[in-house]
Amino acid sequence: MKILVPVKRVIDHNVKIRVKTDGSGVDLANVKMSMNPFDEIAVEEAIRLKEAGKADEVVVVSIGPAQAQDVLRTALAMGADRAILITVDGTVEPLTVAKLLKGVAENEQPGLVILGKQAIDDDANQTGQMLAALLGWSQATFASRIDLGADRAKVTREVDGGLQVIDVRLPAIMTADLRLNQPRYASLPNIMKAKKKPLEQKTPQDFGVTVEARLRVLRTEEPAVRQGGIKVANTAELFDKLKNEAGVI
Amino acid sequence: MAILLFAEHDNAALSDQTAKALAAASRIGSDIDVLIVGKNAGSAAEEAASLAGVRSVILAEGNALEHRLAEPTAELILSLSGNYDTIVAPATTTGKNVLPRVAAMLDVMQISEITEAISADTFKRPIYAGNAIEVVQTTDAKKVLTVRTAAFPAAGKSGTAAPIKIVETGTAGAGLSSFVENIFSKSDRPELGSAKIVVSGGRALGSEESFRKVISPVADKLGAAIGASRAAVDAGYAPNDLQVGQTGKVVAPELYIACGISGAIQHLAGMKDAKVIVAINTDEEAPIFQIADYGIVGDLFEILPEMERQL
Ligand SMILES: Cc1cc2nc3c(=O)[nH]c(=O)nc-3n(C[C@H](O)[C@H](O)[C@H](O)COP(=O)(O)OP(=O)(O)OC[C@H]3O[C@@H](n4cnc5c(N)ncnc54)[C@H](O)[C@@H]3O)c2cc1C
Ligand SMILES: Nc1ncnc2c1ncn2[C@@H]1O[C@H](COP(=O)(O)O)[C@@H](O)[C@H]1O
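Chains A and B, in that order, are what the protein sequence lines are. Sequential numbering of the first sequence, starting at 1, is according to my numbering. Sequential numbering of the second sequence, starting at 1001, is according to my numbering.
Because the hints were derived from the structure by calculation, they are not lab data. Here the structure is a predicted model, which is why all the values come from computation and not from measurement.
Here are the simulated DMTMM-like cross-link-like pairs (lysine to aspartate or glutamate), alpha carbons at most 25 Å apart as the crow flies:
1) K243/A / D1220/B
2) K1165/B / E1046/B
3) K20/A / E1116/B
So here's chain A without its partners, still in its complex pose (with noise of 0.2 Å):
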């Protein structure tokens, strides 16, 4: 079985982003970047499962600026087969993001596509979703344990009240969640390998997919910043203070 992950690049998860002054967006200039973390989670759970025999090529995917050859480096250090880059500058929204992977879907005939759940920029948490209605395919979101079968699979979701488990019919769209897996860090001798796995690049035309938005963002603003309050010498003086000062208990 082949499996897909698409994989986003993303401002890296330990900087703090600025909003910009005149509220055109957020500054991205000179701000580090790496893969959205999900997305790790996604490709290692693709490569234990082809170590564990279940699968046997994994493919992933960007869409996004040429710098995005970087994540798919990244990918590819850590054990992915293969990589294609979709080139397109400027956001793109999860609904054409979906559009092209079904497009790479069709082509890949992937046994199942593990997403992040989210992407640490849009926190959108749609695309996965959204490539299963476009494919018509099963979806098992929010992943914290996929157990796969030859045509179905078993999958324990993270939801609001504990976990609930699923079985779906592959093909399959999967998206991960944060206890998925602990991601592996690429070796240096799997870095310089990487190097050299194919690394295919298209553009949306070939899928015959028109990159158009469906948003106007008219502006970006900062939230409203919370001013740090004081230090307290003791619990007597905080329930005094929770109970004069702020009325909460």
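Once you have looked at the hints, place chain B with the ligands on chain A.
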């Protein structure tokens, strides 16, 4: 035109999240129908009918719909969508699972986790873990939205019950996936999403046992819900449904007490809209103190038992 609100419930009872999403929907328009998808969900439907601002309740029941699996639920919503120009759901794990599937079938870009409705087509939503707020206008004729419920008050009760209409459900989407089991942690405490007070523990708790021994008594005395940081959940000190943050639950209680939590941006994303924040941490430089109204620098293993004695 009208608004369809996909309700959160557990068949027996309606979730508070539905009333909050209803409050958000009321800022967009007034003809709001609440959709209850499930099985033996009559009591949830009756509760929905009693909420102020509901025009009618649509009850769709079936075996494949009992657990609101994404594929048949999305097909059902799609089949009803012709009568609505806006489809809304609370951003619960069910709403987040189902609605993007509906959006894609309608060829619409979903707007996720709105915190404000400026007009029928323009909304505010947080991005980058809440470190920026985007004002977005959709150009899609049909609007598909999820609501960050912590940002809205719950709609109240109405004097008269809205009518409940039962719809026939087909088999579209059934069979692609099936429900196996829910492994839910039972608790008598208030629900994390709607509690007035939340006591949260982080990595500093060190074990599941000390999490329970140190956090629970204080939470019980305060009538509070319990929350946790990702580090505490990853380490197995607390179950996953207690995680607060960018990718956990977003809460806005009156009082949030963070115990042994450093205050990473991903955690703050889930609690920085609390009215009052208290932080207990041994490290006076911990980032959590930058947003806490009241901070105590000290060892939580001494401070929490002391709090319990004083309560
Ligand atoms: C994609 C992504 C998503 C994430 N989503 C979330 C999320 O939803 N929610 C979330 O919480 N995190 C999330 N994280 C993780 C986040 O970045 C932090 O790693 C996490 O919040 C740290 O948890 P913590 O504060 O408990 O642990 P630490 O950062 O290790 O902090 C422990 C704190 O305890 C203090 N301490 C130690 N001993 C004591 C003592 N005896 N008494 C008092 N204080 C003590 C220390 O000084 C320290 O400040 C996410 C990360 C990523 C990359
Ligand atoms: N531009 C992109 N390229 C590749 N994968 C993407 C892209 N955008 C989103 N994804 C995938 O979809 C997931 C969810 O993204 P989102 O719906 O934007 O929160 C991500 O974790 C990725 O796996």
